[in-house]
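A.B. asks: Using the supplied hints, reconstruct the complex from the two chains, each of which is provided in its own coordinate frame.
Chain order of the listed sequences is A and B.
Position 28 of the first sequence, counting from 1, maps to 71 under the numbering used here, and the rest follow consecutively.
Position 460 of the second sequence, counting from 1, maps to 477 under the numbering used here, and the rest follow consecutively.
The set of hints was computed from the structure by calculation and includes no laboratory data.
Take every hint as true, because none was put in to throw you off.
Taking lysine to any residue pairs in the SDA-like style, the calculated list, with each CA pair at most 20 Å apart, reads:
| hint | chain 1 | residue 1 | chain 2 | residue 2 |
| --- | --- | --- | --- | --- |
| 1 | B | Lys528 | B | Gly430 |
| 2 | B | Lys216 | A | Ile102 |
| 3 | B | Lys158 | A | Gly116 |
| 4 | B | Lys576 | A | Gly183 |
| 5 | B | Lys576 | A | Thr154 |
| 6 | B | Lys158 | A | Arg123 |
| 7 | B | Lys216 | A | Arg119 |
Not close to chain B: a few residues of chain A, all C-beta gaps over 10 Å, as computed:
| hint | residue |
| --- | --- |
| 8 | Glu66 |
| 9 | Pro69 |
| 10 | Gln73 |
| 11 | Ala76 |
| 12 | Leu84 |
| 13 | Val90 |
| 14 | Gln118 |
| 15 | Glu146 |
| 16 | Leu148 |
| 17 | Ala173 |
| 18 | Ala176 |
For each residue, glycine too, the CB sits at the ideal point set by N, CA and C.
Next come the chains, spelled out residue by residue.
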Amino acid sequence: MSNALATAIPARRPAQAPARHIEIVPTRDQRRARPRAVYALTAVIGVFALFGVQLLLSIVLSDGAYQISSLQGQQRQLTREAQALNEDLDLLASPQNLASQAETLGMVVGTSAPTFLRLSDGSVTGQPSAAAAGTAGALGSDGGLVPNSLLDDQAALAAGAAAATATDTTTSAPTGASSPPSSGGNVASNGGTLPSPQTR
Amino acid sequence: MNNPKTTGRRLTLTIIGLFAIILVFSGKLIDIQVVRAAELNEQSLGKRAVAVKTYGARGDIVDANGVALASSVDRFDIQASPKVMLLVEEGGVDVKAQIAALAEATGADPVALEATLRANPDSDFAYIAKKVTLETRTAVKDLKIGWVTDAINPSRTYPLGAVGGNVVGFLGTDGPLAGLEFSYDECLKPTPGTSTYEKSKDGVRLPGSTVVTQEAVDGGTLKLTIDSDFQWFVQEQIAAQAQATGSDWATALVVRVSDGHIMAVADYPSVDPNNVDGVPTTALGSLAFSTPYEPGSTLKPITAASLIDAGLASPNTQVVAPGRIYFPNGQYIRDVWAHGDLNLTMTGVIMNSSNTGISKLSDLMSKQTRFDYMKKFGIGTRTGAFPGESAGSLREIEGWDQITNYALTFGQGVSTTSAQVASVYQTLGNGGVRMPLTLVEGCELPDGTVTDLPSTEGVRVVSETAAQQTVEMMETVVTQSALKNVLNVPGYRIAAKTGTAQVEQGGVYGKERIVSVAGLVPADNPQYAIVVTMGLPDIMKTSAAAAPTFENITSQVIKTFRVEPSTTPAPTLPLTW
Numbered sequence: 044m045s046n047a048l049a050t051a052i053p054a055r056r057p058a059q060a061p062a063r064h065i066e067i068v069p070t071r072d073q074r075r076a077r078p079r080a081v082y083a084l085t086a087v088i089g090v091f092a093l094f095g096v097q098l099l100l101s102i103v104l105s106d107g108a109y110q111i112s113s114l115q116g117q118q119r120q121l122t123r124e125a126q127a128l129n130e131d132l133d134l135l136a137s138p139q140n141l142a143s144q145a146e147t148l149g150m151v152v153g154t155s156a157p158t159f160l161r162l163s164d165g166s167v168t169g170q171p172s173a174a175a176a177g178t179a180g181a182l183g184s185d186g187g188l189v190p191n192s193l194l195d196d197q198a199a200l201a202a203g204a205a206a207a208t209a210t211d212t213t214t215s216a217p218t219g220a221s222s223p224p225s226s227g228g229n230v231a232s233n234g235g236t237l238p239s240p241q242t243r
Numbered sequence: 018m019n020n021p022k023t024t025g026r027r028l029t030l031t032i033i034g035l036f037a038i039i040l041v042f043s044g045k046l047i048d049i050q051v052v053r054a055a056e057l058n059e060q061s062l063g064k065r066a067v068a069v070k071t072y073g074a075r076g077d078i079v080d081a082n083g084v085a086l087a088s089s090v091d092r093f094d095i096q097a098s099p100k101v102m103l104l105v106e107e108g109g110v111d112v113k114a115q116i117a118a119l120a121e122a123t124g125a126d127p128v129a130l131e132a133t134l135r136a137n138p139d140s141d142f143a144y145i146a147k148k149v150t151l152e153t154r155t156a157v158k159d160l161k162i163g164w165v166t167d168a169i170n171p172s173r174t175y176p177l178g179a180v181g182g183n184v185v186g187f188l189g190t191d192g193p194l195a196g197l198e199f200s201y202d203e204c205l206k207p208t209p210g211t212s213t214y215e216k217s218k219d220g221v222r223l224p225g226s227t228v229v230t231q232e233a234v235d236g237g238t239l240k241l242t243i244d245s246d247f248q249w250f251v252q253e254q255i256a257a258q259a260q261a262t263g264s265d266w267a268t269a270l271v272v273r274v275s276d277g278h279i280m281a282v283a284d285y286p287s288v289d290p291n292n293v294d295g296v297p298t299t300a301l302g303s304l305a306f307s308t309p310y311e312p313g314s315t316l317k318p319i320t321a322a323s324l325i326d327a328g329l330a331s332p333n334t335q336v337v338a339p340g341r342i343y344f345p346n347g348q349y350i351r352d353v354w355a356h357g358d359l360n361l362t363m364t365g366v367i368m369n370s371s372n373t374g375i376s377k378l379s380d381l382m383s384k385q386t387r388f389d390y391m392k393k394f395g396i397g398t399r400t401g402a403f404p405g406e407s408a409g410s411l412r413e414i415e416g417w418d419q420i421t422n423y424a425l426t427f428g429q430g431v432s433t434t435s436a437q438v439a440s441v442y443q444t445l446g447n448g449g450v451r452m453p454l455t456l457v458e459g460c461e462l463p464d465g466t467v468t469d470l471p472s473t474e475g476v477r478v479v480s481e482t483a484a485q486q487t488v489e490m491m492e493t494v495v496t497q498s499a500l501k502n503v504l505n506v507p508g509y510r511i512a513a514k515t516g517t518a519q520v521e522q523g524g525v526y527g528k529e530r531i532v533s534v535a536g537l538v539p540a541d542n543p544q545y546a547i548v549v550t551m552g553l554p555d556i557m558k559t560s561a562a563a564a565p566t567f568e569n570i571t572s573q574v575i576k577t578f579r580v581e582p583s584t585t586p587a588p589t590l591p592l593t594w
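With the rest of the complex left out, here is chain B (with noise of 0.2 Å):
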């Protein structure tokens, strides 16, 4: 019989019997959705959430005027699973005409690819072709064969082939090896990204899933100074000189003298980048930046600006400038030509080159304020335009022997770098102020900013009067030297030196030559300096090696550069006394 207190009983027992299972589900409930949910979050998002690795592109390097010189480009490497094709071949898929297929649109062998395929039967992974276009990449996705796929494989790409190769640099497999792909690696390299998401089983993106968590950044846009397509023509013409006359090397620059930015520095042998394989290794940088050499009389108008700027003499001083100049010892400097006494003013001794004459004229002058000269004018220095430059060598007073005390104010006895030399040449065609030699204009990061500015700060190295009168001396070896006819521009002033300087060999001066001219257009208002050297020709070992070469490279930076034609006479100064 229903007996209430039973029933009451019952219920009781029912409900906390409720009670005790609601709270064994519900601890269960918090201990998954509060202490344990972190935990339990992230591995449910492993197995759903994929976390890709996005990549930026690597900058490009381009010239002046937006020109690509590097430019970073999608090449595909394509790939087989040797185990699927024999699985494929089993199911009774012609396989061989599928390889012959493959091998035709790869441009590979197909013989060779077929042992290739079939060496690693178990292998789930072999190479059918690397760093392929996005042509190839098509044609072999059209055959659509099973067992092949592809892979991106970013890589980079050289459009102007070694124009401005020796400067630019290249990368190898880990990274940049040369140049200022090397130097300025920090500007140019991309910072990768991650970004997460969930997907489906067929591969798509969940809706409202993607968690950016950072975003991937190109690399900055590396900005030089040169112009490429005149680039292109200096190389073409040094290299064209270089191998007429036999030269083991030759460089050539091309700087604008208001504020020192180069629109051409040229090397021959130089590299192509596309082709590292193509030159011997000692092609591979820039010889311009990194070997130095004995300029010769190049650096004579250093000498001259400075006897000016400190007052010591002027364009008309008169010196006696003798066949040989003797030392005590035996040992002797001499002209490259003999002769007797000259009377020569200092143009006279710059026209003729004369290298007695300009020791003479150097007895003016302490050796101090010749050392302080030629330090202001950068010879010893780092120009800071090509990292990894060599600085030359300029040997201090202590070491100066009596050749050298004379030797010095010839060129020889001391080293500079092409480079240098067009830093002189430049500060001579800027009024005396040396304004420092620039290649890099700026790196642009994608944001807008840029950085990597050059330093715009220019030295007061002689007066601008010193400068004008030097300038105006050199227009003689145009107007009047032995190379008039080579060297002269119809219409143009032009203003510049030879070098015929000494090279170094086994510890005494032996037959080689290191030619060079070196020089300003227009004479009257400088504006390019313009330096070209052929080292060690066999044929013609005077400067009329590189005076050709000087004068096609004068007359195409005026078209370039839209010079205009010279308006005023040169001023004539005489010669000799």
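Just chain A, same shape as in the assembly (with noise of 0.2 Å):
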């Protein structure tokens, strides 16, 4: 009966033999080849250290995603008011607003044959003459025939802002331009006050 593993059969102690430590001295290859713990360090926090930049990237990929959400909401609400300001400016460039306001600042429409000034020598084409008074302005008696309904829509809402801010009546008069008539008339924003400053 052989058996693999061999059992020392104890044999009789040697008479009080003092106690050895016996350690097996690596060689300088083998001190060479252990892992230093400056690499094991440099890596793990390496690790670490990259794991936190890439938080760091998201966290502020997502607050840019934010800023650019509210930005381009902003941008939205911008174009809008300027879409929004660009279409009273085409409604002021209307004819018929253009018209009715010339006829406020009481302008008239020329009677005599188109005379014309020629800049580059000053020299005049056609007998120019004063209109007589009374001549009637661009829109005429009936006050315009070619409607446009945006003008009369500002026109009304206009004058019902005027109605309700004219009952509390405030301590400074407008002063300088002239009032339109409040009722009918193709007239514009502000119910065709200009606002003029307090002049002493």
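C.D. replies: Right under this line is the structure:
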């Protein structure tokens, strides 16, 4: 019966042999082959640092995404406001409004035949003559026959707003520009009065 | 005891077991990552991704100077959720005050608004106001009412109102209904796009996740040849005169003779596209293009020019114009004023607008030649300027009876639109070359390409001499006829022809008239053709009804388009012999 493992038959202990501490001394190569702590530390810290940077990046990205969203919202709002202002501008530039504003200012249509002033030499062609008193304005006596319902809506709103503010009178009366007839008439924004500064 | 064999077996079994588990897992992994990958990706995207339909804006319609006649604007629909409103009310919020504030902001009646909102307590949707401006929407948003939302509603606005409304057209709820908005819809309509992005729970786009599947494309800009300020003036003029004379309708066209571009095409009555319900349905289009009528004596210059071009007559050709021309069956044609035989030159025939005179002169030319000339002048053919226009009608020679044979020479027995008459005068003013009448300059797409360019090919109808001599003959109407004080503009040579056309009513010519004045300015080197027509005036049934308007419009043409005064005097042509 042979055993793979050798069993040591305990021999008699030698009397009082001194215990000796034996160590295997690693060779230089063995020492070199052992990994240094520094490298392990660097690797671990590096991994943590990478994770940290990735976390920061994703935070910044998300922050950016919120900023983009907010700025896009602002852009949308500003574009809409610009569009609304352009719409008002187009309306104010319409011939109906210009004609009615001209009438409000007292302008009339010239009655003389077409006359021209050539700017290059200052020569005048035609016979310019002043319009007689009582000449009709651009809109004529019928108040304009080419309607623009957008102006009428605006006038109605302005008249409504003017009526609302007229009830609560303020101490400073509007100076300067004359107010146009409040009923009818194709009048544009602000009820037709230009805000003028208080003069002394 | 640790038997190496059993340990080894256990080890093997463990490893086999491990591999089996790994196999199962990798099988599942391959199944998910490779086999069902696409399907699962799509599902996940659907849960997080939003496919947004992006809309382009409908293109503008602009005049020759870029002023917008029709433009797309943002409007907003204010909506509310009655269900949420009631919940909020139960929570103790003063909903009545909120409704009152809302009504004030949107200009609605607070009582009616409250009734609408309380009508369906289970409904999640109710309109408060439709198509409000940005100002109103901002006011509503500032009220910070939780149960009110708004949605964008792209709309169309026509900042110039009724100016050009007859040709621009308008939109209905589903799309364009009339005018150029309808016929050039392909040019104007935008192409929607889609853009897919993944959004977070609070609606913010996840960075780096936008995938634009297709960019939205705005509609193209349709450029017209008309000048909007001038168009307004012309519309005002004919409207005022039509009302003063009690006319049922009126049209006016101003055409630049060099290229056939229309500077103004006015109708009365005409529609304001912002307020389509404000006019009867007959006034929704453009009568100048759609409604033909017998034009009358304004077509006499066609006969005169044809005769000169064929070498058969000249302005000095002499003819004896009787008061009436009788036909074997007793029918006759007559002049507007009663007279005996008059010795008139062709110039005199034109100046006096003698029907009998022009009829006798037309005997010099065969029917076929006359027909061919009329066809070349564009009578009976669409001008091509406005889709949906009428071609009028010119009967074939076989259908000409003895009256029609002569009547055609003075514009009766044939029907034309005002646009066709304007085209005739454009030809006469352009040295006899007919340019295609043009209203649309082109459609400019957002990427810069221009489509729908009009044809620029001219057709020679009569010789330059024939056209020039015809214009000189027409000048005598302004310098010597009964209307000379009404038609003339000091410092300028103007050529004009009046027309008082009879109108067929129930198979016979009745008492109604369609009066017009058509002419060219300046007569020495024509630049603009002007045609003014008053339909069925109640008072003043002669061309005197249209004459003052013609003069006003001609003055304005001179001012707007900087026409220089004439430097040479009008030639003196004999009217009688």
